[in-house]
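Student: What follows is the residue order along each chain.
Protein chains: 4
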Amino acid sequence: MASVGFLGLGIMGKAMAANLVKAGFDVTVWNRNSEKCAELVALGARQGSTPKDVAASCDITFAMVSDPEAALALCQGPDGVAAGIGAGRGYVDMSTVNDTTSKTIAGLISQAGGRFLEAPVSGTKKPAEDGTLIILAAGDQSLYNDVKPAFEVMGKMSPYLGDVGQGANMKLVVNMMMGGMLSIFSEGMSLGQKAGLDGRQILDIVDAGAMSNPMFKGKGAMLLNENYTTSFPLKHMQKDMRLAVALGDQLEQPLPTAAIANEAFKQAIKAGFAEEDIAAVYKVIK
Amino acid sequence: MASVGFLGLGIMGKAMAANLVKAGFDVTVWNRNSEKCAELVALGARQGSTPKDVAASCDITFAMVSDPEAALALCQGPDGVAAGIGAGRGYVDMSTVNDTTSKTIAGLISQAGGRFLEAPVSGTKKPAEDGTLIILAAGDQSLYNDVKPAFEVMGKMSPYLGDVGQGANMKLVVNMMMGGMLSIFSEGMSLGQKAGLDGRQILDIVDAGAMSNPMFKGKGAMLLNENYTTSFPLKHMQKDMRLAVALGDQLEQPLPTAAIANEAFKQAIKAGFAEEDIAAVYKVIK
Amino acid sequence: MASVGFLGLGIMGKAMAANLVKAGFDVTVWNRNSEKCAELVALGARQGSTPKDVAASCDITFAMVSDPEAALALCQGPDGVAAGIGAGRGYVDMSTVNDTTSKTIAGLISQAGGRFLEAPVSGTKKPAEDGTLIILAAGDQSLYNDVKPAFEVMGKMSPYLGDVGQGANMKLVVNMMMGGMLSIFSEGMSLGQKAGLDGRQILDIVDAGAMSNPMFKGKGAMLLNENYTTSFPLKHMQKDMRLAVALGDQLEQPLPTAAIANEAFKQAIKAGFAEEDIAAVYKVIK
Amino acid sequence: MASVGFLGLGIMGKAMAANLVKAGFDVTVWNRNSEKCAELVALGARQGSTPKDVAASCDITFAMVSDPEAALALCQGPDGVAAGIGAGRGYVDMSTVNDTTSKTIAGLISQAGGRFLEAPVSGTKKPAEDGTLIILAAGDQSLYNDVKPAFEVMGKMSPYLGDVGQGANMKLVVNMMMGGMLSIFSEGMSLGQKAGLDGRQILDIVDAGAMSNPMFKGKGAMLLNENYTTSFPLKHMQKDMRLAVALGDQLEQPLPTAAIANEAFKQAIKAGFAEEDIAAVYKVIK
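Chains as they are written, first to last, in our numbering: chain A, 21 to 306; chain B, 21 to 306; chain C, 21 to 306; chain D, 21 to 306.
Keep in mind that a hint or two might mislead.
Because identical chains cannot be distinguished in the list, a pair is counted as satisfied if it fits within a single copy or across any two copies.
Simulated pairs of lysine-lysine, DSS-like, Cα-Cα distance not exceeding 27 Å [said to hold, decoys possible]:
1) Lys145 with Lys176
2) Lys214 with Lys259
3) Lys255 with Lys42
4) Lys214 with Lys191
5) Lys168 with Lys306
6) Lys214 with Lys123
7) Lys237 with Lys168
8) Lys146 with Lys237
What the hints contain is simulated information worked out from the structure, not anything from laboratory work.
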């Protein structure tokens, strides 16, 4: 099996790298704070000295860091991935970054002769540990084929979506649907309760039919309990809805429902709920 | 176990009455076209001569007919339910009727001394046969308690929702959510495909996450196949959305997402898709 | 010149009847509280004893009362217009009534052999005094032709709009446009001021261009002064927008902008501004 | 009176410069194609050799060119305005440019020691000739004061709006209102005609009341005649509405009516009407 590198051992990265080691991959890890490498080394991983070193010594290198700046920093400079990757090796950035960053990294890697794949994931700590992430891969197709066995260890699905940028587009489409669903769900819950129906019963009846979905169950309980502990910050959802509507603008696709749901999330930000969970949109609707 | 009557042996009623017979209830059936009674009699049911006769001879009488006019006709006149029901007996109308009809029937029955429950169902032939309908019961609570064992034979859930009218309100709330979901889903499917994503992959990714629901699976396949064979006629959905928005108007509940989704369904009716399935709203969005 | 009757001498009716007298019409007046007749009699009008009496003695009788109930009461009963009108005489109801009331009155008059015109007006005290009302006439066209000279005394325009009901429809169309204009105007004023622009300058610039209109001038000053003294109650505007959207529903005409503006007015009612001026919609937008 | 330069003698610039000459200003003109200078020279203007030369020799230099690229090109390079302007002199760009271009030009001029004003205009050929433009000025306030006499020659109003960028913001606010008005107007015209009302009568009645405005008159005639000859291209309106909604996003100002009107214009672009007049939005609404 191919030798793989793994850069970034935060909550997500540590769990993902551990799954690769356990599955028998020859894994070399690196983390900005090198102490975090010990746990992986104990499982059987090697430790690399720099991103450049890891990229130079492994067939394929994965990265999982927390933001676009960190993702870009990994690739640039004398110790960066681009300095080490060389012809034909692969780099798979699984961090969630914006479109521009993804294209900048793609450019750096391909100028250095490497192959690149963006592969943001959907799912948090538990799916990372269980190997049940949803991996949205886009970019070099030959690299996708080579890396598929590793994706199958880390995720429950990892479709190939096309050119660099399509991973981000898929995420916008999915989150736009989510925002719209949450908006109509909140309106329904409000209307029903104003009509004298019991909120719990509405949830049960919806859950018994064709609309039954985990999100309504989870968010429904949150809004009945008036508990908006942040799982997905509302301001991020609004940003994604704004970007989705802008994408529609660019592609000449009218999106009236999404545009109006976006306004509801804007109303929630105006009301001071930007940092609360997306379910807090209910507070400006009810 | 109590003696029960069953009026109306169409596709739904026949299956529901048969389940009651099989569960050991003492069932008396009646149908406008009396030939349809034979099958039930063969299973062990008695045959009544008129709605009045059935209502007079049974503790509780159910009705399941196809429209508000038929539901009203069952109760009125010298052979109607109201003429036979007498003090303390119960009448449960499981037909889907409008608010006015339901209240008229409730008035007729209570003036005759009877107890009344509206109990429209969600679900079609298969759930009726399998006893897995969703029964939305509202009206006389003592009757609800008495009739609960029969509901448990016919449905998988049968919550008590409050006064007469709340069954209809619950249906509007649920269908409004459904219409909104379908509208944002159609927008997402259109946007994604215009951005070059594969429709099948969008469905798979949505299905792997927190939004996963049977409706998106079913309708998603329909719109990818451009097959809008009617399961739920679009014009009925638009009518329910209109009524839901009107209910919001009355209750001072703003419903912007629902109002805009309603406009999409109106657009679809204007485009000639009134009789097609609700999924045909996609054709005016894409 | 024909003899005309005038029923209802409130603020509007008194001014309108006075203009008819001054223009040389032979006017017979009646008012529920007969003291109000004195002023008109002093100008040269006769005084009638009952609506029946007026309708029986004049070629054409006008009515201008404050609500649908009063309008209906004028026509019914032994002393009502219908009892007196007889074949060929005309009745012109200039009160603002709903569609149902207008059709009921039309029926009463035509059953009695009379001709009927609904003619609600746009404009308040000052235009009534100045004879510059906008009269929206619909119903019997021969009566319209006969009554035109009187309309020209009372109003600056009085188009014939078609069958009974078209006067009300025209009013809905016009008010729907007004509600939508007010909603986008409020959004623009809010956006501009949040961007640091001066509200007064926005008004001046709009007023200098193709959008210049009296309403923006009047309402613009109100919202800059945070003065929402009622000229047109917000709840009436919302009712008209609701009816306009319902008319669109019936005619298969999608109206997304109106539907969303309607939600803004609903939001304002929910916030407690039902009795304030329509300009108060700004308070829930800003 | 101060010496002024004028760069760009297209349809607009020629008329504006001519008005300055006629008003007695000492004007030096320049145009990329120098032949166009002859007419102004005949009126009494001097001719400059380069933008640098004009900026260096005049107290204040105006520019009026057709797009952002041309506006930027005027300022840059060895012959550009920035190379000549020097300390204390003024530059007033009256072209319609985007926000970024305006700020770039502002930066170039202030680095060169000059004072800068953005002053996009509202109005076309006729108002330019008549000196009745609406001038939206923003930037250096001392320069605004110095240039005010010239603005009064060219325009009927020229308010000072604040820092560079506020001219553009004002234009977005005004155009957003225009787009929203056109959308609700189109819906009203469609609804009325579907209800059997006469389109001409709707226009007349609206024109007789508080909503009366030149735009409804002009566009109303266009849509009744189904004549969409371009005066303001629909795609530009949609771009402005998109930018206005984006500005609302940035300022946490919900704009539901504008967002939905924007979707109507997007629908019109999708239907192929991008190059037609803004009135063509009616074609996708009716």
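Student: Next, verify each hint and record whether it holds.
Tutor: Hints, one by one, checked against the model:
Taking the shortest Cα distances, Lys145 and Lys176 sit within 27 Å of each other inside one copy (14 Å), while across copies they are farther apart (35 Å). Only between protomers do Lys214 and Lys259 lie at most 27 Å apart by alpha-carbon distance; the minimum there is 20 Å, versus 30 Å within a single protomer. With identical chains, the CA atoms of Lys255 and Lys42 are never at most 27 Å apart, being 37 Å at best within one copy and 56 Å at best between copies. In this assembly of identical chains, the alpha carbons of Lys214 and Lys191 lie at most 27 Å apart only when taken from different copies (15 Å versus 34 Å within one copy).
Neither within a single protomer nor between protomers do Lys168 and Lys306 lie at most 27 Å apart by alpha-carbon distance, with minima of 46 Å and 33 Å respectively. When the C-alpha separation of Lys214 and Lys123 is checked against a cutoff of 27 Å, the pair qualifies only between copies, where the shortest distance is 20 Å, while the shortest distance within a copy is 49 Å. Taking the shortest Cα distances, Lys237 and Lys168 sit within 27 Å of each other only across copies (26 Å), while inside one copy they are farther apart (33 Å). In this assembly of identical chains, Lys146 and Lys237 lie within 27 Å of each other by CA distance both inside one copy and across copies; the values are 18 Å within and 25 Å between.
Of the numbered hints given earlier, the model fails hints 3 and 5; all others are met.
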